[in-house]
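**Student:** In case you want the letters, here they are:
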Amino acid sequence: MIDLTFLILIIPVLAAILIGFIPSRNSGLIRSIAWLAMIVELAVSGFLVYSFDRTQTGFQFVTEVSWTRSPEITLRLGVDGISLALVMLTSIVGFAAMFATGAIQEGVKGFFLCFLALVVGALGTFMSLDLFFFFFFYEIEALVTYPLISVWGRGDRKYSAMQFTIFSVLGSAFVLIGILIIYFLSGKNTLSLPALMESLRQAPLALGLQNTIFAVFLIGFGILAALWPFHAWGPIGYADAPPAASMMFAGVMKKLGAYGLIRLGITLLPQAAQAWMPWIAGLAMMNLIYVGFVALAQKDLKYLIGYSSSSHMGFVLIGLACMNPLGLSGALLVMFAHGILVALLFLLAYTLDQHGAGSGMLDIGGLAAKWPVTAACFSLAAFAACGVPGFANFAGEITVLFAVWDRYGWLAAGVLVSVILTALYMLRAVRNIFFGPEKELRHVANEPLANPFRKIAFVLLIGVLLFAGFFPNILLGYFKQ
Amino acid sequence: MYSLIIASPFIAFVLISLFLQRFRLLSALVATASLLVSFGLILKLFLAVLGHENAPAELTASWIALPGIDFQIGLLFDRLSILMGLLVSGVGSLIFIFSFGYMKGDPGFSRFFAFLSFFAAAMLGIVFATNFIQIFIFWELVGLASYLLIGFWFAKDAAADAGKKAFLVNRVGDFGFILGIIFLWYLSDPTTAGAHRTLNFAQLAAVIPGSLAAGTITASAILGAGLLIFCGIVGKSAQFPLHVWLPDAMEGPTPVSALIHAATMVAAGVYLLARVFFIFTLSHPLLEVVALIGGVTAFMAATMAVVEKDIKRILAYSTMSQLGFMVMAMGLSSPVAGMYHLLTHGFFKALLFLGAGAVIHAVHTQNIFDMGGLAKKMPVTAITFFIGTFALAGLFPTSGFFSKEEILTAAFDKSHFLFAVSLITVFLTSFYMGRLVTLAFFGTARNHHDVQEAPAVMTLPLIVLASFSLVGGYLHIPEHLVGSWPMEFFRNIDAAIIITFISSGVVIAGLLISFLMYRKNRTEDPLAKGLGPAYPLLTRKYFIDDLYNFYVLKIQQPFAALCEKANQLFVIKGLTNLTGEGLFLLGSLTRKALTGNVQTYTLYLAFQVLVILIIAAAFIGL
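Residue numbers (my numbering), protein chains in the order written: chain V, 9 to 489; chain H, 2 to 623.
Because the hints were derived from the structure by calculation, they are not lab data.
Where hints are given, some of them may not hold.
[As the list claims (entries may be wrong)] In silico BS3-like links for lysine-lysine, alpha-carbon gap of 25 Å or less:
hint, chain 1, residue 1, chain 2, residue 2
1, H, Lys566, V, Lys307
2, H, Lys310, H, Lys521
3, H, Lys555, V, Lys307
4, H, Lys310, V, Lys378
5, H, Lys310, V, Lys166
6, H, Lys310, H, Lys530
7, V, Lys447, H, Lys157
8, H, Lys157, V, Lys307
9, H, Lys566, V, Lys378
In isolation and in its complexed conformation, chain V is listed as follows (with noise of 0.2 Å):
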């Protein structure tokens, strides 16, 4: 039976396959199928929150296309509460990060199958419901991101995008030896993620194991979701890759690794991700204090986003580690805010970038007055990565906050750290770039966002972010337990 949850991967695999058999030279034709599937794929993902029965705990429109009997492997997908919220991220920033794909002049084709690879990988793996699908899209995610900064990208972009690839692969490499792990410990022959659930509720592997097989996982995830200390391959990639990417590899891609600790790591191993947790919250203390710190120190715009986002991925990683349900749902809101909050600030870094004012924050000044529009957005981001009220991204962080003193006490004052520190930097890129008297300008084209096509990425990005902020408990609501 076709589900939702079906078509919503499907749409873009049909695209890619229908523009791979379209001439390269007909590259108007390619965007417009891009475009359209994304539109398309956006409309779907919102008809399925739409249907998503919230009164319901556990997955809904599971799917199911059996691929071998032994071992079982079957193409599973369904979503609960915490996959839907992340699929909708995900069409949300795709289709975002169309609006960013104009400079793409050259290789259009290859460069659409491989964007539309991308989300791909990242839909299914929220959606898979079986171990080994999920890791065979999370392996396309990894994959994909090295002709995507290699060709199209920008500056040393072959040492970028080796780097990225490398700890992407890496990544996934030891996510495979925990999965490989599970299956054979569990003895069940299968990687049905609902049967293993339940099977290791009934039956919990030895703790000694769990806690090993967790380190795998913790590596494995934690290097994606940029855990200290790898928090650095990120922001070189992003700055290097083609703008789009930079959208879909911070928005989404990072939070398949906080995803796949949840639902692999928490989920299958409770009882060692508890005594794991207070390493974790140590690991994201660093990403909160040290990578803000780093974040103070950058002089170009798209580092500055790259480590900013490395940063608030602790909030995230602190919330998990709560182990609570308070910090469960502050994670989750964080997660899904820090993803279109960080896909605002690249297609705004790339407006900036495209229309002649660069990146560097110190050789530009005063733009306000030739793009209040644009400076409204970007002040509008800016004050929504410092925690400002009104925005989603304030109401995930009170809410880990809360929780992080429920479970660390006083850590919660470190995690404070980092909201100051936030506001320092991203005030201060607004005081250089936007305000002040104009200077160096002439290169600098007229205001972008007069044009009203542009504008829809940023009201879609701006509202989405107010809406959650405004209404916290609709979003909260879906990721019931």
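Start from chain V and add chain H according to the hints.
**Tutor:** Just chain H now, kept in the frame of chain V:
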């Protein structure tokens, strides 16, 4: 319907920012009308309370409800909130009207009114908050409004820096504030399950004193929570040592200085103190800290005002000083006195700032040594300004006299040291205000000859505010406030007639001395020589700004650079390259891939994933 009190200016903000940017007059009208709606609703509540009807019950809506927490947004109506709401919306409306004239011709006219409306909504959200989370949310929004309005003329470096500074300094205070809130939340039910934790003011007031008496929470816990919450107040109400943003905030347009840096926003800290006084009154050491910080701030600000030459900055220091008085009054267990002074100060400080705005609008300078003889040219502005000055100095029979007497009486009763500090501050206040008035309004005009009185849209608010500054002492404000606290916090001023004589003498002396000193010395400040080495200490603001700058430039930024260096060296060069080389040493194939072109490498990666899949399949197949 009452939710419109907050919603109405907020809707105006949204409307103006999205649709009315090009319709200047319309946006100003929408903004003013929206605040008048709030004012009307609050007035209706006020009359109901006056007629001894019960105010409508608390209205609440859930913002975040999760297992363990329940964050609500609501409206709390009691005498305290209604009086404060009247001040905010009433003075606010007058300042909105004044801005019609003052901001005329500014290219950002509509944006200005949008931000003003946003500010008004946020401030009213603080006033009517029912719980700590709500007050924190609107507290932050007020901070944001302040950032936007101080930096309104963003093309000026000084304005852009001042806005950022205000936001960041407040952030530092709020760091303590939110920690205090969370700590208090924990204290409301310190059991491990904590099922009854709350942040609602009424519930906290019912629970916390009992828990303290029963010994489930300690006195030092109350002290800790109180001090942390006080951090937020120190930031928002510009108390020492987080006062540095307020003088710089004068870079904003003058109506902004009147509205948010005199009459309302900075008063939010004092208002919060009054609102949660039930916690502060539980700990004596806590009250002592509050009183001391207030006294120190009052004195310090007054000394800095004495040597300042910028008319707005003098008023800014006077605001800081008067806020110090209010905070001190709270610390001296006299919330009625503190709130009373807050309300009268709201009138006369708005008046003084708007008067200063009218002056600046006319003479295009802020330096009082460049002014002179304005009394003849701008009679309405001058007379209303004099009334404001007398009220600020605390001269009988203006409103400032009555509220100041309350504070002095409280100080006399509790601490002779703080009473002495207050008297010196009162003297300094009348001295620097006398200095300002003498230099700006008397003598002969310099550098400006075509000065005209401000238009009616600007003088009308001055007249209204001046009337309130005059009669504010006869409106029985303390009696209205008393309903918010037990009777013991209320003192009758008749009890201390001797204090009245002493303080009035001090005020008159200050005014006279400054008048005699500056009547002749109109180009150079005799204090520059007279104060000797203390003069540079005061003009450099006790070097506190320099201290903070030293921290930012010599400690914080180098530390960030060090983190970045470590990041480059160990994490990027070390870990990354190690991983990379480690992987590539695995096979000779990979070396070729390193040097080879993109296609080779992509192929190799595809091959790799195939291998992984085959291995996986093989494992599973076993």
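**Student:** For a quick check of understanding: which of the numbered hints are violated here, in increasing order?
**Tutor:** 4, 5, 9
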